[in-house]
Amino acid sequence: MKKKNFIRKTISFTLAAACMVFTFTGCGDKKEDGTLTFTNVSYDPTREFYAAYNELFAEHYKEETGKEIELVQSHGGSGSQARSVIEGNDADVVTLALAHDITAIEEAGLIEEGWIDEFDKNSSPYTSTIVFLVHSGNEKGINDWDDLTKEGVEIITPDPKSSGGACWNFLAAWQYAKEKFGGDETQMKDFVAQIYDNVLVMDSGARGATTTFVENGQGDVLIAWENEALLTLEEYPGEYELVTPSISILAEPSVAIVDENADKNGTQEIAKDYLEYLYTEDAQRLAGENFYRPSDETILNEFADTFDLSVNLCTIDDFGGWDQAYQDFFADDAIFDEIYSK
Amino acid sequence: MKKKSIIPGFGLSMGITVAMLSLIILIPLASVLAYSFRLSGGEFLDLMTRPNVVQSFVTSIGCALAAAVINCVFGVILAWVLVRYDFPGKRLMDGMIELPFALPTAVAGITLTKMYSDTGFLGRAFEKIGIEIAYTKIGIVIAMIFIGIPFVVRAIQPVLEKLSPSYEEAALMLGASRLTVFWKIIFPEIRPALLTGFGLALARGIGEYGSVIYISGNSEKNGTQVVSYIIMQKLNSGNVDYEGAAAIALVLLIISFLMLFLINIIQHIASRRTNA
Numbered sequence: 060m061k062k063k064n065f066i067r068k069t070i071s072f073t074l075a076a077a078c079m080v081f082t083f084t085g086c087g088d089k090k091e092d093g094t095l096t097f098t099n100v101s102y103d104p105t106r107e108f109y110a111a112y113n114e115l116f117a118e119h120y121k122e123e124t125g126k127e128i129e130l131v132q133s134h135g136g137s138g139s140q141a142r143s144v145i146e147g148n149d150a151d152v153v154t155l156a157l158a159h160d161i162t163a164i165e166e167a168g169l170i171e172e173g174w175i176d177e178f179d180k181n182s183s184p185y186t187s188t189i190v191f192l193v194h195s196g197n198e199k200g201i202n203d204w205d206d207l208t209k210e211g212v213e214i215i216t217p218d219p220k221s222s223g224g225a226c227w228n229f230l231a232a233w234q235y236a237k238e239k240f241g242g243d244e245t246q247m248k249d250f251v252a253q254i255y256d257n258v259l260v261m262d263s264g265a266r267g268a269t270t271t272f273v274e275n276g277q278g279d280v281l282i283a284w285e286n287e288a289l290l291t292l293e294e295y296p297g298e299y300e301l302v303t304p305s306i307s308i309l310a311e312p313s314v315a316i317v318d319e320n321a322d323k324n325g326t327q328e329i330a331k332d333y334l335e336y337l338y339t340e341d342a343q344r345l346a347g348e349n350f351y352r353p354s355d356e357t358i359l360n361e362f363a364d365t366f367d368l369s370v371n372l373c374t375i376d377d378f379g380g381w382d383q384a385y386q387d388f389f390a391d392d393a394i395f396d397e398i399y400s401k
Numbered sequence: 147m148k149k150k151s152i153i154p155g156f157g158l159s160m161g162i163t164v165a166m167l168s169l170i171i172l173i174p175l176a177s178v179l180a181y182s183f184r185l186s187g188g189e190f191l192d193l194m195t196r197p198n199v200v201q202s203f204v205t206s207i208g209c210a211l212a213a214a215v216i217n218c219v220f221g222v223i224l225a226w227v228l229v230r231y232d233f234p235g236k237r238l239m240d241g242m243i244e245l246p247f248a249l250p251t252a253v254a255g256i257t258l259t260k261m262y263s264d265t266g267f268l269g270r271a272f273e274k275i276g277i278e279i280a281y282t283k284i285g286i287v288i289a290m291i292f293i294g295i296p297f298v299v300r301a302i303q304p305v306l307e308k309l310s311p312s313y314e315e316a317a318l319m320l321g322a323s324r325l326t327v328f329w330k331i332i333f334p335e336i337r338p339a340l341l342t343g344f345g346l347a348l349a350r351g352i353g354e355y356g357s358v359i360y361i362s363g364n365s366e367k368n369g370t371q372v373v374s375y376i377i378m379q380k381l382n383s384g385n386v387d388y389e390g391a392a393a394i395a396l397v398l399l400i401i402s403f404l405m406l407f408l409i410n411i412i413q414h415i416a417s418r419r420t421n422a
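Which chain is which? The protein sequence lines are A and B, in order.
Counting in my numbering, the first sequence runs from 60 upward without gaps.
Counting in my numbering, the second sequence runs from 147 upward without gaps.
To be clear, the hints were calculated from the coordinates, so they are not data collected in a lab.
Note that this is a predicted model, so its numbers are computed, not measured.
Watch out, some of these pointers could steer you wrong.
[To be verified] Here are some, though not all, of the chain B residues that point toward chain A, as calculated from beta-carbon distances under 8 Å:
1) 197
2) 259
3) 364
Ideal placement from N, C-alpha and C gives every residue a C-beta, glycine not left out.
Required output: the full structure, derived from the provided sequences and hints.
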């Protein structure tokens with residue numbers, strides 16, 4: 060009697076578990092008509108660019124192979140997108156804000172070493188930089204980093220400890236201070252601390268900071284990605300002005316094939332084609348139209364009206380690469396904590 | 147011989163219960179525990195005593211407590227109005243109580259921020275009398291009130307519905323003052339439900355992320371970083387720190403558990419006293 064009862068319990072338990080497993084499975088990669096699905100995991104502000112680029116690429120793919128391709132885009136904070144790929148998001152390629160985030164995927168064993176040299180220009184088909192967005196008329200007279208330290212200037216910038224984009228903002232300010240004070244670290248820290256003293260709201264991400272500045276009307280100046288700032292100018296004509304500081308940082312969003320997933324999905328070839336096609340003239344022009352600086356010099360010069368090409372840009376290599384910069388500035392008890400927690 | 151249960155299907159329903167609990171709650175929670183144990187004792191202490199971590203715990207718990215207390219006061223009034231009076235639009239109002247459950251928390255957060263920032267519709271009015279709401283702890287409390295109110299109302303409503311007004315009438319006839327009627331007749335009846343609602347609203351507030359994150363401004367200087375923000379910081383930043391995030395989450399869980407446990411004890415003692 061007892062045994063029977065036990066068996067019955069086991070069966071019902073297994074059934075229950077099986078029911079749940081079936082509920083959660085049932086997605087495949089290839090559709091019945093043979094259309095291939097290809098996933099690009101990217102970060103927030105590239106939404107508009109990749110929507111346009113995917114159309115361009117799908118056309119090119121059809122010309123080459125005669126087959127349809129379904130391109131899926133995914134957007135979110137760069138760091139959390141990288142984490143989702145590490146945790147099993149089946150991305151064929153990643154196009155993220157920082158090389159550092161791709162390195163994290165590499166360290167998890169999903170991307171082969173040396174990815175940064177796989178494509179031209181450090182695998183960065185387009186770049187951007189950090190600029191200021193101010194209200195029309197620029198009443199507070201904000202023209203360069205110096206003006207951000209003035210008393211009464213209210214700054215909006217996201218938290219570098221939670222947003223990758225915000226790290227660029229900090230590093231750009233740091234580079235300016237370095238030139239200004241000839242590398243005197245105490246003065247540099249004071250200068251950057253003054254800027255961060257003026258920060259009114261520190262959002263968790265770049266899009267949140269844009270919302271705070273544009274929608275909620277907080278602050279006098281938003282430290283922003285150039286592409287986000289230009290997009291805002293386009294959406295709210297006449298309300299804002301873009302100010303390019305004398306010194307800023309070259310942000311190189313990187314792209315890479317997620318080798319492990321691409322091999323499994325049989326998309327290695329397409330992935331390579333997809334990322335290489337980003338460097339063609341058409342795609343480069345499309346990047347420019349979507350306010351990213353094309354990495355092709357000739358095409359970049361075509362957009363001289365859009366971008367201020369005279370700005371003096373440093374790169375992450377000036378800080379010894381991302382890992383070094385992270386350890387020096389943003390890890391617990393590093394420079395950012397030191398100047399901000401005081 | 148096993149005694150036959152009157153209601154059949156114990157095996158199957160228990161199987162589903164155990165499977166559900168394990169997949170959705172137990173296994174994920176166990177993994178939080180497992181991750182946080184990867185930190186050594188010293189590292190754990192170091193992390194927990196960091197000023198920003200301590201401050202975030204104070205902010206989260208303090209604001210959630212304040213919000214839960216406010217919710218209890220207004221929750222009782224709301225539930226009372228909805229149960230005892232008839233007025234046009236009552237059903238609509240009743241349905242509205244649940245909106246905070248249905249609305250995505252991020253939408254709620256962004257909307258509240260827009261309303262209560264100094265350029266917003268409500269924030270402007272408050273600014274005139276010198277009260278800043280958005281980007282301060284008051285803002286955090288407001289967001290927590292918003293997400294917590296349905297818990298209190300929905301906990302008390304059924305009890306009030308069952309409570310017959312004839313007791314109150316009898317008490318009034320016997321010469322009790324209105325205040326006495328509330329404290330001696332109504333309050334003891336709704337107290338267990340109120341405590342449950344308080345506990346749920348508190349627990350929800352302590353762990354809240356979406357609606358709080360936009361209105362708080364997340365400033366370490368102003369003490370407006372909540373615990374869930376610190377956890378996200380650990381997961382979002384350049385060096386993903388699972389262990390640190392899990393350790394903070396674990397402490398948060400333990401604190402929430404202790405508070406709920408305490409509420410249950412109070413409830414237990416109180417119910418023994420009323421039934422004695």
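Hint check results:
Proximity of residue 197 of chain B to chain A holds as hinted, the smallest CB-CB distance being about 7 Å (cut-off 8 Å). The beta carbon of residue 259 of chain B is positioned within 8 Å of a beta carbon in chain A (closest approach about 6 Å), and the interface hint is therefore held. Given the 8 Å rule on beta carbons, the hint for residue 364 of chain B holds: about 5 Å separates it from the nearest Cβ of chain A.
In this structure, none of the earlier numbered hints is contradicted; all agree with it.
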